[in-house]
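Novice: Residue numbers (our numbering), protein chains in the order written: chain X, 1 to 221; chain Z, 1 to 222.
One-sided and incomplete, this derived list gives chain X residues near chain Z with beta-carbon spacing under 10 Å: (1) G50; (2) L52; (3) R74; (4) D84; (5) S85; (6) K87; (7) I97; (8) N101; (9) S103.
No lab work stands behind these hints: they were computed from the structure. We treat Cβ as the ideally placed atom computed from N, Cα and C, and that holds for glycine.
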Amino acid sequence: MVLEIISVYFYRNKKLIFDNFNLKLKKSQIMILIGSNGAGKSTLFDIIVGILEPNNGIIKLDNIMIEELSAKKRKMFTYLPHKDSLKDNLTIEENLISWINISGNILNKDQINRSLEYYQLSELKKKFVANLSQGQRKKVLLTKLILAKTKLWLLDEPFNGLDADSIKKTKKLIENHAKNGGSTLLSNHLDLSIKNSKKIFLQPIKKSRDIVKFETWDDIR
Amino acid sequence: MKSDFYILMSREISIGIKNFFVLYTFASFFIISILIFVFAIGSDLIAKNNIYEPIIWVLLIFSVMLVSENFVSNDCNDGSLKELQFLGYNEELIILCKSITMWIMILLPMIALMPIVSIFFKIDYVDIFYLFINFLFATPSLVLLSLVSSLFSMQLKRNKIIQFIIILPFYIPIIIFTSSSKKFALENNLYNNNFLILIGIFFITLPLCLYTSRLIMKEINK
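Next up, chain X with everything else stripped away, as it sits in the complex:
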């Protein structure tokens, strides 16, 4: 199992966000979390990568508990959060080099140049990120997936701000990753189709005034 979430309970501001949440992501599997704004999609990613600690439950990456991984984490997954983590005062190329260094990858400039061609960013590589549009920033962020050597991709709303052509390219990228044995967990607020993907609907069910329960698609069925 690439990723395993077992009986996760999570409270935020005295509100129950996840009540006995379970998820299993296998090798070569694509899983899409679908939910409305504020449904807890980003929170779930933060719990998976160890930014937030669940009140109860276990998170395992490659059968190793997330708390035991520390620096090894960066070799196991690539997480693209909602905020792009790009530095406005650096160029696209410099931002990618900086990310390569901190994520523990070893790549040369040729590989970076080739990866920039995928979203047609080659001509913009010397441009400061501050001067890019929202869509272009997203493409820079997604270029990290081409450079990443990890098997697990965690993508928080990767299609936001992208044009139709780039959405198609991103879907293809995810599908190819699965073909090569990689797994992807991604979130989106709208239903979308990716070949051989499994969908999970994060649906808040108001049990009482303050308690919100989430159920997986399997539970609903």
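Position chain Z against the provided structure of chain X, taking the given hints into account.
Specialist: Positioned in the frame of chain X, the structure of chain Z alone reads:
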């Protein structure tokens, strides 16, 4: 295999070099504020010479506080602080690298401004030497405190006044021992003791600030 310290330091320095405007903001704020004091005091050189130390140190604290937000808030807002955390970098190491970078890139160039300040206040050669020494020993503590203060401001987005109430008292010992070196010298010739106290303050501030930063960084994500 590069160490985490090396990776973070090279990252911070490459970003710091591109943020040249921060050094410019710091230096211009410091010099302009000093000039305002010089004009306010007037042409009495003896009066200026007697009170230059507290003025320099208070303005230095304000200047450091002004620019420290750039080192933390940008990373918080664009998500790169969170990125470093989920990539498994130690929170203490992140702040340590940020403070070293801030000291090298912002405060070390300030030594070049000291001769200009000495002209404004008619500081003699011996006194400016002690100002340098004080500067080298006191500014690392100032940088650490200002970074904690900035992290507080990110966490307490609505109530920024608490940040000052909590952090400002920690500046007081530094202010006392940096701005009283001349008095000590005249009365007791205890220059050396002053420097040792500043080094002592640094070794108390360092673990305290790193630990506090770790706690605040974890709180920011909640």
